[in-house]
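Asks: Once you have looked at the hints, place chain B on chain A.
So the chains spell out like this:
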Amino acid sequence: MKNIPADRWLFDRVSIGATAPTGDARVIELRSIVKTYRGFQALHDITVDFPPGVTGLLGPNGAGKSTLIKILLGLLRASSGDGTVLGKPIWHQSKQIRQLVGYMPEDDCYLPSLSGVECVQFAARLSCLPATEALRRAHEILDFCGAGQERYRTVETYSTGMRQKLKFAQALVHDPALLVLDEPTSGLDPDERDAMLNRIRILANSHGKSIVICTHILPDVQQVSDFVVILAAGRVAVAKSLAELARPALPALEIRTLGPPETLQAALRTHAVESQVNPLGVLVVQGDSPTCVQTIWRAAAEHDVLIRSLVPARNSMEAIFLEAVQSASQPN
Amino acid sequence: MPIHSISYRPWDGHRVSRWTRWLTICSTGIVRSSKSQWLRRLLFAAFIPLLFTGIPFFLFEQSVRDPNMWQAFSGFVRTIPQNHVLHHAVGNVPHHPTPEQFEAIRHQVWSFLTLTFLRYPQAFLMVIIVGIVAPPLISQDLRTRAYLIYFARPISRMEYIAGKVGVVSFFLFLISALPALCLYVAAVMLSPSVEVVLTTWDLPIRILIGSAWMIVPTTLVALAFSSLTLESRYAGFAWFAIWIIGHVTYSTLVAIPAYEASRRHEEFLPGWRLLTSPYQVLGTVQSYIFGFTHELDVVIPAFLLLITVSLASLAILFRRVSAPMRV
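Protein chains in written order, with this note's numbering: chain A, 103 to 434; chain B, 440 to 766.
Derived by calculation from the structure, the hints in this document are not laboratory data.
Be a bit skeptical, because a hint or two may be false.
To be verified - Derived DEER-like restraints, expressed as beta-carbon distance ranges:
id, chain 1, residue 1, chain 2, residue 2, range
1, A, D291, B, F757, 41 to 51 Å
2, A, D209, B, E670, 48 to 58 Å
3, A, R303, B, V470, 32 to 42 Å
4, A, G289, B, L669, 54 to 64 Å
5, A, G289, B, S761, 25 to 35 Å
6, A, S181, B, A680, 33 to 43 Å
7, A, Q251, B, L647, 42 to 52 Å
8, B, A680, A, H241, 44 to 54 Å
9, B, V470, A, D293, 26 to 36 Å
10, B, R480, A, S181, 47 to 57 Å
11, A, T256, B, L750, 30 to 40 Å
12, B, N507, A, T256, 53 to 63 Å
Everything numeric in this text was worked out from a predicted model, so none of it was measured.
For each residue, glycine too, the CB sits at the ideal point set by N, CA and C.
Chain A on its own, in the form it takes in the complex (with noise of 0.2 Å):
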């Protein structure tokens, strides 16, 4: 295997497979979906469900991803299979599936020549409100986005976080239910993108709103998503809820130290308890009993060694989409 991370040893397999979460709400249902191009299949029997809340829709480039949302807002249509968007089943009554969708485009898509705030009206209008009801309902979302005066100003103008608000704010201002958000934090900087974060999650704690989020930014999926999907060679690799993800098969805890993780190291050797550090300076212990737990403590307090955090180990979602896109790439 290539492009294994170096600290792979701490992350057991992860389970790969279309498994459908339980419970009774569903957003999104689909069922053996399979879309073919001339010849070329883009998706394979894909088979999944996404429950309401934040879902991650991650895969790499040519996965399918941009297929499967088009197919969804009755853009294209699969070549069989079927499956419902918020209750409406797909292509049948992809208009309606488009007035209770708010999707915001990967791509940088714009009206020449409109202000923001004409922009966002625009697209409210096109949803049926009416106009000056789109207008207010614009400064609104606006406000929400954080945009300022350089609503005013033309979209040519705008830079690319700009736009990335711009396009939320087309978006969300019908107050869609569900939410299709392309590579939201695509080109924002930290605070932006922390922003943009919040109000992801704002709108799925606080208005109910379903969200389903494409990126390939890793670290944002495991900041506000509650399920995710994996796509990978147009098949369904990974659907399961973040929190199944993150736990290792095998429990571990994580300690940070103030000062050389190697010294705790040598004293819990001493207790007969082995750890390793892993390449980040962290030092993991397999196990996460109460009285494993009190073995490090007393063995830092003998050795006079400062714990600055100790966790329960968790796998991280880089090491989850590469072992799915790998297995996703493997012959059967």
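Replies: Using the frame of chain A, we list chain B on its own:
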């Protein structure tokens, strides 16, 4: 919730009819196009020929009261190109016509003047205005990927195309049908009695039909060009090229036969050669609508050509508008 809250607020207001979506696309397109200074200047210029065409209307109607005006009107008629129809009608009237004689030729005079107005200054302006407005309408959406803004909403291809057609049609209506209708209203006001409406009531209808036959095919062709490229200048170039090439082809084809006919002192009929020029095709159709052309062997092919071109352009539009979604 406090009024100063800038957090997210849900919205559950009343939505307007879904049939207004194409109007939204249309009105926004009109606003965007109107930001062009050149377009605004041209729209202003489009009403200048109205004043020029208003003079013969004024002279004709004043002739009823003042016979001297008749001489002025007859002189003015000679300055109008392709005036044989009007010249014939006016030539049969004595130097001091009676009100009944005026009544007999009024419809023909008004129709011819209106057709002349639509056929010459407004047709020329139409080519320029469509060349400014139409090329960026779709090509710019493709280049800036604005189609994603449209089609992420419950917009169908038909609504999108209708909205774009509406933009061009609006400006063409503004420079053709609207001034022509204004001309008609002015003519009624200049006439001795409002009763002239009873004999000329069909003119506004002919103006609308004639304008529609000009607006629809030209708009669809220009938008089809726009949809075929990401660069609006190429679409603009193609648009002007078909008019120039068509006109040159037609002129070349008719030059020698027309010269030979004139040497034999015979009337020359261009026949099928009209079909090589979009300008002549539109002129033939409008002339038929205003009742001045009756040669069906030319009129029917002209109508069929316009219908075919419109349908082909519509097919291209449908194909191209959905193309970005298929990849």
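Asks: Work down the list of hints and note, for each, if the structure agrees.
Replies: Cross-check of the supplied hints:
1. D291(A) to F757(B): 41 to 51 Å: 42 Å, holds
2. D209(A) to E670(B): 48 to 58 Å: With Cβ atoms ~18 Å apart, the hint is violated.
3. R303(A) to V470(B): 32 to 42 Å: 36 Å, holds
4. G289(A) to L669(B): 54 to 64 Å: Hint violated: Cβ distance 23 Å, outside 54 to 64 Å.
5. G289(A) to S761(B): 25 to 35 Å: 29 Å, holds
6. S181(A) to A680(B): 33 to 43 Å: 41 Å Cβ-Cβ, so the 33 to 43 Å window holds.
7. Q251(A) to L647(B): 42 to 52 Å: Once the Cβ atoms are compared, 46 Å apart, the range 42 to 52 Å for L647(B) and Q251(A) holds.
8. A680(B) to H241(A): 44 to 54 Å: Holds - the Cβ-Cβ distance for A680(B) and H241(A), about 45 Å, lies within 44 to 54 Å.
9. V470(B) to D293(A): 26 to 36 Å: Between V470(B) and D293(A), where Cβ atoms are some 35 Å apart, the hint holds.
10. R480(B) to S181(A): 47 to 57 Å: 52 Å, holds
11. T256(A) to L750(B): 30 to 40 Å: For L750(B) against T256(A), whose Cβ atoms are near 37 Å apart, the range 30 to 40 Å holds.
12. N507(B) to T256(A): 53 to 63 Å: About 59 Å separates the Cβ atoms of N507(B) and T256(A), which means 53 to 63 Å holds.
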